[in-house]
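Trainee: All chains should be built: construct the whole structure from the sequences, respecting the hints.
In case you want the letters, here they are:
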Amino acid sequence: GAGVSQSPSNKVTEKGKDVELRCDPISGHTALYWYRQSLGQGLEFLIYFQGNSAPDKSGLPSDRFSAERTGGSVSTLTIQRTQQEDSAVYLCASSLGSWTGELFFGEGSRLTVL
Amino acid sequence: GQNIDQPTEMTATEGAIVQINCTYQTSGFNGLFWYQQHAGEAPTFLSYNVLDGLEEKGRFSSFLSRSKGYSYLLLKELQMKDSASYLCAVRVISSGSARQLTFGSGTQLTVLP
Numbered sequence: 001g002a003g004v005s006q007s008p009s010n011k012v013t014e015k016g017k018d019v020e021l022r023c024d025p026i027s028g029h030t031a032l033y034w035y036r037q038s039l040g041q042g043l044e045f046l047i048y049f050q051g052n053s054a055p056d057k058s059g060l061p062s063d064r065f066s067a068e069r070t071g072g073s074v075s076t077l078t079i080q081r082t083q084q085e086d087s088a089v090y091l092c093a094s095s096l097g098s099w100t101g102e103l104f105f106g107e108g109s110r111l112t113v114l
Numbered sequence: 001g002q003n004i005d006q007p008t009e010m011t012a013t014e015g016a017i018v019q020i021n022c023t024y025q026t027s028g029f030n031g032l033f034w035y036q037q038h039a040g041e042a043p044t045f046l047s048y049n050v051l052d053g054l055e056e057k058g059r060f061s062s063f064l065s066r067s068k069g070y071s072y073l074l075l076k077e078l079q080m081k082d083s084a085s086y087l088c089a090v091r092v093i094s095s096g097s098a099r100q101l102t103f104g105s106g107t108q109l110t111v112l113p
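Protein sequence lines, in the order shown, are assigned to chains D and B. Counted from 1, the first sequence has number 82 at position 82 by my numbering; the numbering is strictly sequential. Counted from 1, the second sequence has number 72 at position 72 by my numbering; the numbering is strictly sequential.
There may be inaccurate statements among the hints.
[Claimed, not checked] Stretch-level coverage of chain B by chain D, calculated; a stretch enters the list once three of its residues show a Cβ under 8 Å from a Cβ in chain D:
1) 39-47
2) 84-91
3) 100-106
Hints in this document: simulated from the structure, not taken from any laboratory. Here a beta-carbon is modelled for each residue, glycine too, at the ideal position from N, C-alpha and C.
Mentor: Below is the structure:
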């Protein structure tokens, strides 16, 4: 596709369940970012992948959160044992490389934990 | 860590000019970016400053002073469609060469007729 694709667009889960969110970046983009945005708030950095370098995981809020990027393309963000405070929109973005700050965002995955 | 401050809300009139300020405190500064986010939509890139001075792009201009840790976004000839949240973001170098964008909480601009 032409843009960043995320799935699912909406996810409702029960507290304690695990969830996986998927991001398919723009073809050829080597940098991939995960952010989350709570209602009316700014973007909170979670994790950043650049090429084959070790990811910058400094924004992950707890060890329940993990992410991987396979083959330098698709990324999956996994949240284990979800809590109500995990409810947010999870945004994925990609860019051509680390030198550019022009990020292209997907439409996000809205997670609701009941 | 990084600290980015911008006003929470601003209101302006259609056709007017509005300036949205952003101040930051960070180590490893490597550029400042402005993004626009309409309600319920993903952010979209507006502008980028890495050196001091003014960058102009149509009705939008962005200014940076690195020594003061200060930037502003200037919107001219405001239109109703400019009602949106404007996010200031700072790029930092961390973990060696790794680079990430840290976003402020955004300024919600309302344009009135």
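Trainee: The structure should be examined with respect to each hint, and the outcome stated for every one.
Mentor: Taking the hints in turn, this is what the structure says about them:
1. Closer than 8 Å: that is the beta-carbon criterion, and the stretch 39-47 of chain B has 5 residues meeting it against chain D, so the requirement of 3 holds.
2. Note: the stretch 84-91 of chain B has 3 residues with beta-carbon separation from chain D under 8 Å; the three-residue rule is met and the coverage holds.
3. Counting residues of the stretch 100-106 of chain B whose C-beta lies closer than 8 Å to any C-beta of chain D gives 7; at least three are required, and the coverage claim holds.
Comparing the model with each numbered hint stated earlier shows that all of them hold.
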